[in-house]
Amino acid sequence: MSLGNLKIWYESPASVWVEALPLGNGTLGAMVFGWIEEECFQLNNDTLWSGFPRDRTNPSALELLPSVQKLVLDGKIPEAERVIEQHMGCPRTESYQPMGYLYLALDHGKNVTHYRRELDLETATCKVEYNVAGGAHVTREAFISYPDKVMVVKITAEGGSPLTLEASLDTDHERSCTIQQKDDGGDYLVLESRVPSHVAPNYEITHGKEPVTYEDGKGMPFQIHLKILNCDGMVAIEGDAIAISNARSIELLIASGTSFSGFNVDPSNQPVRLEDRAQEIISGKGDVSYQGLKSRHIKDYQELFSRVTLDLGTSENMALPTGNRISQIKVSKQVRKMDDPVFKWFMQAA
Numbered sequence: 027m028s029l030g031n032l033k034i035w036y037e038s039p040a041s042v043w044v045e046a047l048p049l050g051n052g053t054l055g056a057m058v059f060g061w062i063e064e065e066c067f068q069l070n071n072d073t074l075w076s077g078f079p080r081d082r083t084n085p086s087a088l089e090l091l092p093s094v095q096k097l098v099l100d101g102k103i104p105e106a107e108r109v110i111e112q113h114m115g116c117p118r119t120e121s122y123q124p125m126g127y128l129y130l131a132l133d134h135g136k137n138v139t140h141y142r143r144e145l146d147l148e149t150a151t152c153k154v155e156y157n158v159a160g161g162a163h164v165t166r167e168a169f170i171s172y173p174d175k176v177m178v179v180k181i182t183a184e185g186g187s188p189l190t191l192e193a194s195l196d197t198d199h200e201r202s203c204t205i206q207q208k209d210d211g212g213d214y215l216v217l218e219s220r221v222p223s224h225v226a227p228n229y230e231i232t233h234g235k236e237p238v239t240y241e242d243g244k245g246m247p248f249q250i251h252l253k254i255l256n257c258d259g260m261v262a263i264e265g266d267a268i269a270i271s272n273a274r275s276i277e278l279l280i281a282s283g284t285s286f287s288g289f290n291v292d293p294s295n296q297p298v299r300l301e302d303r304a305q306e307i308i309s310g311k312g313d314v315s316y317q318g319l320k321s322r323h324i325k326d327y328q329e330l331f332s333r334v335t336l337d338l339g340t341s342e343n344m345a346l347p348t349g350n351r352i353s354q355i356k357v358s359k360q361v362r363k364m365d366d367p368v369f370k371w372f373m374q375a376a
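Each number in the working numbering corresponds to the 1-based position in the sequence shown with 26 added.
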């Protein structure tokens, strides 16, 4: 099979989280849902966790050890287990936190045809395209670059009416959104927030205790930056969103940063930092053209991705959407039908 066929693709937007398509560079990650009227990129950062370093030593554990040993020797195993669970353990680990969302609200309505949503495994780019009823052919392409430490999104419209959209940031945590001025003179949005000081893991039984705790000044702060890289239309910042009108091509940059400074450093009072390269890109330093960003991303990615391939031959399933292929694998129980793209998909997820 040629590498050009290594695409995971669907004919409809994601209806649940597991149907969204993933992008990431090891630090910044996104799930792309491919919604029509309002695209959603769910964003995360690998250092964004609740809590802060603390002494988790349980001084009562050693004191209770003799009584637990006696219960065991007396055959009272359930009683011993209860003492251990309630009094001898230490607090569980903290919880990984979702960072936020990039929303793109488009005004072209929901009636579209020839919809396609794909993840190109050869280039680590996600693309959504469709024809607006009686209007333009809209394409949205996104990738997250490891060498440049940013997510890049490009939206284009060919034929029909130009694009009108609103780009905004949001988060599940308490937040504020500010407008900042860059060195190159461009305005951009910065979402600032802080994760809870404690979030109980989903596997923990909290016995009626509040699973999520916010404390003033405690918890890791973070930022999401959104900037217009290029746009051939009208741009205005309205409230906490970027409004764009009469555009045929729009290019966006997204970067994130947290205050994580090490496993034993309290992030609560540390400054939020973007990675150095992301800060340079957001500030407009160096080659920040869309093609330059994409070329560096693909070159870096393919040095890893192209090291392995599996050829299981061809099958009639090759022309089917990925969801249909996986369904047929489940029904037929024939592993051979898991052709190259699905193999690569599972390799990426492993």
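Hints are computed from structural coordinates only; laboratory data are not their basis. Just so you know, these numbers come straight off a predicted model, no measurement behind them. Cβ coordinates follow ideal geometry from the N, Cα and C atoms, glycine included. Possibly wrong hints are sitting among the right ones.
Restraint-style ranges between C-beta atoms, simulated for each label pair [to be verified]:
1) F289 x E89: 22 to 30 Å
2) L338 x T232: 41 to 49 Å
3) I263 x G243: 48 to 56 Å
Results of checking the hints against the structure:
1. F289 x E89: 22 to 30 Å: holds (29 Å)
2. L338 x T232: 41 to 49 Å: holds (47 Å)
3. I263 x G243: 48 to 56 Å: violated (30 Å)
Going down the numbered hints, you'll see the structure goes against just number 3.
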